[in-house]
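Visitor: Here are the chains, one letter per residue:
2 protein chains.
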Amino acid sequence: MTALSMHQASVPVFIRGLTALSAELEKAAASAGERKFDLNILASARLAPDMLSLAGQVQRASDTSKLSGERLSGTPAPKFEDTETTLPELQARIAKTIAYLESLDPVLFVGSEDKTITLNHIGDLKGDAYLLSFALPNFFFHVATAHAILRQNGVPVGKRDFLGPIA
Amino acid sequence: MTALSMHQASVPVFIRGLTALSAELEKAAASAGERKFDLNILASARLAPDMLSLAGQVQRASDTSKLSGERLSGTPAPKFEDTETTLPELQARIAKTIAYLESLDPVLFVGSEDKTITLNHIGDLKGDAYLLSFALPNFFFHVATAHAILRQNGVPVGKRDFLGPIA
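Respectively, the protein sequence lines represent chains B and H.
Each residue of the first sequence is one higher than the one before, counting from 1 in the numbering used here.
Each residue of the second sequence is one higher than the one before, counting from 1001 in the numbering used here.
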């Protein structure tokens, strides 16, 4: 009854989401140019004072996706220092995250559904539960919140931008 | 190399997300009581004037999940009229959506990865691409945006509430 591979349900989903996020940041840059404000003001924009900024949302989307790749494939992910404060820096981080994910051979994910993944504050999960009940929701949380921040700041993005190319 | 069933990667994920959303709406009700405002004001709150309200986000999360169930299992989903304007009505809609999803026998999803799904404005997708590149991102978009609306209106919810029970 199994139909999907662990790779298929993780890496391409993350790459698609990160690619769409990058395209949304490009629209943000164009919008800042048209409306004549400093593009990088957006990096510190947030929905509530005790929520992460746009930079923080992008950093967490990067972390969730690369850590999923690392935990499921066993291939160490690059470490980033969370020092990005500008949109070009955030774009570079997204690009490095995508490059890591693209480097992962799907065969490394075989059997990862049964692997034990240990999460701080949560405990042990099987690989499939980790992916479906933690990694994917967490990833989309941060990408959708980044979208919401851009949207609330008047960047002309819509749900089709969030979804990216569908296929 | 397949590890996940189409049912496993859809129905329980939606049920978990909808259950978490329902719990967040309960926290909203408690917060409205404590802060002494009409709870139902939240149903029409939105992040931007041209985005859907909280009620709209809940309705779309319901639609995306029940339509995925219908398209992948072939079992007609209940139709809703999008007339909910209060939080109790939205809670009832979530409950009916969960009840429908719970009624679906996993065996009905076998082979759905190869089924052709036709989406308006998008075209034909295979069942697995439909689930991974459209249905799941779209579902989480609406649940995360609902969370963002509550968060921006001072409801004390955090990412753990969004994720719900992880397992």
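Read the hints as simulated data drawn from the structure, not as lab findings.
In this text the structure is predicted, and so the values were computed from the model without any measurement.
Watch out, some of these pointers could steer you wrong.
[As the list claims (entries may be wrong)] Listed below are several chain B residues computed to face chain H (Cβ distance under 7 Å; list not exhaustive):
#, residue
1, Leu4
2, Lys79
3, Phe80
[Said to hold, decoys possible] In silico DSS-like links for lysine-lysine, alpha-carbon gap of 25 Å or less:
#, chain 1, residue 1, chain 2, residue 2
4, H, Lys1036, B, Lys159
5, H, Lys1079, B, Lys159
6, H, Lys1159, B, Lys79
7, H, Lys1126, H, Lys1115
8, H, Lys1159, B, Lys126
9, H, Lys1115, H, Lys1079
10, B, Lys159, H, Lys1159
[Claimed, not checked] Pairwise CB distance ranges (calculated):
#, chain 1, residue 1, chain 2, residue 2, range
11, H, Leu1119, B, Thr2, 16 to 26 Å
12, H, Ala1099, B, Phe37, 27 to 37 Å
13, H, Leu1119, B, Arg35, 50 to 60 Å
14, B, Lys36, H, Ala1099, 46 to 56 Å
Here a beta-carbon is modelled for each residue, glycine too, at the ideal position from N, C-alpha and C.
Visitor: Against this structure, judge whether each hint is valid.
Guide: Structure-based check of all given hints:
{"no.": "1", "hint": "Leu4", "in the structure": "4 Å, holds"}
{"no.": "2", "hint": "Lys79", "in the structure": "22 Å, violated"}
{"no.": "3", "hint": "Phe80", "in the structure": "20 Å, violated"}
{"no.": "4", "hint": "H:Lys1036 <-> B:Lys159", "in the structure": "34 Å, violated"}
{"no.": "5", "hint": "H:Lys1079 <-> B:Lys159", "in the structure": "23 Å, holds"}
{"no.": "6", "hint": "H:Lys1159 <-> B:Lys79", "in the structure": "23 Å, holds"}
{"no.": "7", "hint": "H:Lys1126 <-> H:Lys1115", "in the structure": "6 Å, holds"}
{"no.": "8", "hint": "H:Lys1159 <-> B:Lys126", "in the structure": "21 Å, holds"}
{"no.": "9", "hint": "H:Lys1115 <-> H:Lys1079", "in the structure": "22 Å, holds"}
{"no.": "10", "hint": "B:Lys159 <-> H:Lys1159", "in the structure": "21 Å, holds"}
{"no.": "11", "hint": "H:Leu1119 <-> B:Thr2: 16 to 26 Å", "in the structure": "25 Å, holds"}
{"no.": "12", "hint": "H:Ala1099 <-> B:Phe37: 27 to 37 Å", "in the structure": "48 Å, violated"}
{"no.": "13", "hint": "H:Leu1119 <-> B:Arg35: 50 to 60 Å", "in the structure": "33 Å, violated"}
{"no.": "14", "hint": "B:Lys36 <-> H:Ala1099: 46 to 56 Å", "in the structure": "52 Å, holds"}
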